[in-house]
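Asks: Protein chains in written order, with the numbering used here: chain A, 1 to 81; chain B, 1001 to 1277.
FYI, nobody ran anything at the bench for these hints, they're computed from the structure. Please note that a few of the clues may not be correct.
[What the hints assert, rightly or not] Lysine to any residue pairs mimicking SDA-like chemistry, simulated, CA-CA at most 25 Å apart: (1) 1245/B - 9/A; (2) 1245/B - 49/A; (3) 1227/B - 1265/B; (4) 1245/B - 40/A; (5) 1245/B - 1138/B; (6) 1245/B - 38/A; (7) 1245/B - 20/A; (8) 1245/B - 1196/B; (9) 1245/B - 1185/B; (10) 1245/B - 19/A; (11) 1245/B - 35/A; (12) 1245/B - 37/A.
[As the list claims (entries may be wrong)] What follows is a set of in silico ranges between Cβ atoms, one per label pair, in the way DEER data are often shown: (13) 1259/B - 51/A: 29 to 35 Å; (14) 19/A - 1195/B: 33 to 39 Å; (15) 19/A - 1266/B: 15 to 21 Å; (16) 13/A - 1156/B: 35 to 41 Å; (17) 1020/B - 48/A: 43 to 49 Å; (18) 9/A - 1006/B: 31 to 37 Å; (19) 1140/B - 45/A: 27 to 33 Å; (20) 1179/B - 15/A: 21 to 27 Å; (21) 49/A - 1253/B: 34 to 40 Å; (22) 1160/B - 18/A: 15 to 21 Å.
Being a predicted model, the structure only gives us computed values, none of them experimental. Beta carbons: idealized from backbone N, C-alpha and C, even for Gly.
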Amino acid sequence: MEPDDEAAISEITILPDGRVCVFGASEALIALLAALDPRDAGIRRRAAPLGRPRAEEAHELRQDPAALCRGRPRRDEEPTG
Amino acid sequence: MLPGSPFTPERLVRARRQYRRCTLCEHRCGVDRAGGQRGACGAGGRARVYRHRIEYGEEPELVPSHLFYLSGCNMRCAYCIGEADAFDPSRGRVLSAPFFREAVAWGQAREARNVQWVGGEPTIHLPAVLGVLAACRPPVPLVWKSNFYGTEESWDLLDGCIDVYVADFKFGNDACARRIARVENYLAVVTRNLGLVAQRARLIVRHLLMPGHFDCCYRPVVAWMRKYLPTVPISVRDGYLPRWKASEYPELAALLERDAGRRARALARDCGLEVIS
């Protein structure tokens, strides 16, 4: 694992009562959380900078959760054209 | 140096002098860190970055934020989520201008809105941070997240260099601060610094709710803000986890009450404060 990838890891702790605590929320995680619970105002505001493409991607993830396991390209690997 | 730059040679010299007789924080150890002596934080004359990454969990107005985690801290909060990385100043790579320049470019390519210094505690590394900022001048706002246990000298050294301060106002009384974080005179120091900084730049006060400390810590924080900083926004954090040495303290070993965040935000709003998270 490259150091940059390691640094981008988000720590998720799920408490016994179902609460989810996140330390070091990455872009990918905040997009996922926004898709899972779009009514959470705190998540929604933090996801706002992701913009429409990320919001659409999050929606796609919601429709196709298996995509999570397949991963997605990093932003700097995506086609720009 | 750019015209009007706050990073004057005089300021940098004054900052570097702190490594010879350190009074950067209110422990006021007065040790010669550059000469090998160590004070309460254990840090020497070099800052080290144990992690840098872009995060979205910060206050909404700051994200995406490029955080630089500096190892070493002047407090010993029993529940610290940074654990050993936060307290051991020998962890991480040395903060140098070439490293910082490259890291900032990496963050810019990923659309980070700012550079945020966190710890551990960045104040104990203030001279090194000012040094790389002077050398690199990142083209984004600078955020300083601190426990606000620094001295007035430290805040003077930072004045004009930082755009946004995020203050971790952790405890509402000296007894809890002494017992959990091993610092003296906590309330007087932190409130003095909050008053000082509020006049100089954008300030956000953050409070991590701790189990069993709603009345002794959170209520006094809100009451103080209501009286002295009523226009400063508060960020209520309810993601407490019993990490590090929290299990040694009966109340800190527990989880936060389920509705603590909602109650805390309601109280702050009732007191007329702007709650931003």
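Asks: Now, for every hint given, state plainly whether the structure supports it.
Replies: Evaluation of the provided hints:
1. 1245/B - 9/A: Holds. Residue 1245/B to residue 9/A sits at ~23 Å (cutoff 25 Å).
2. 1245/B - 49/A: This hinted pair is violated, its Cα atoms lying about 36 Å apart.
3. 1227/B - 1265/B: holds, 17 Å
4. 1245/B - 40/A: Judged against 25 Å, a Cα distance of about 32 Å means the pair is violated.
5. 1245/B - 1138/B: violated, 37 Å
6. 1245/B - 38/A: Given that 25 Å is the threshold and the Cα spacing comes to 35 Å, the pair is violated.
7. 1245/B - 20/A: It holds: about 21 Å lies between the C-alpha atoms, which stays within 25 Å.
8. 1245/B - 1196/B: violated, 32 Å
9. 1245/B - 1185/B: Holds. Residue 1245/B to residue 1185/B sits at ~22 Å (cutoff 25 Å).
10. 1245/B - 19/A: holds, 22 Å
11. 1245/B - 35/A: Given that 25 Å is the threshold and the Cα spacing comes to 35 Å, the pair is violated.
12. 1245/B - 37/A: The given pair, whose Cα atoms are some 33 Å apart, is violated under the 25 Å limit.
13. 1259/B - 51/A: 29 to 35 Å: holds, 33 Å
14. 19/A - 1195/B: 33 to 39 Å: holds, 35 Å
15. 19/A - 1266/B: 15 to 21 Å: At roughly 18 Å between Cβ atoms, residue 1266/B and residue 19/A fall inside 15 to 21 Å, so the hint holds.
16. 13/A - 1156/B: 35 to 41 Å: holds, 40 Å
17. 1020/B - 48/A: 43 to 49 Å: holds, 46 Å
18. 9/A - 1006/B: 31 to 37 Å: Given range 31 to 37 Å: holds, Cβ gap about 35 Å.
19. 1140/B - 45/A: 27 to 33 Å: violated, 20 Å
20. 1179/B - 15/A: 21 to 27 Å: With Cβ atoms ~25 Å apart, the hint holds.
21. 49/A - 1253/B: 34 to 40 Å: The hint (34 to 40 Å, Cβ to Cβ) holds, given that residue 49/A and residue 1253/B are roughly 36 Å apart.
22. 1160/B - 18/A: 15 to 21 Å: Given a distance of about 46 Å, which is not inside 15 to 21 Å, the answer is violated.
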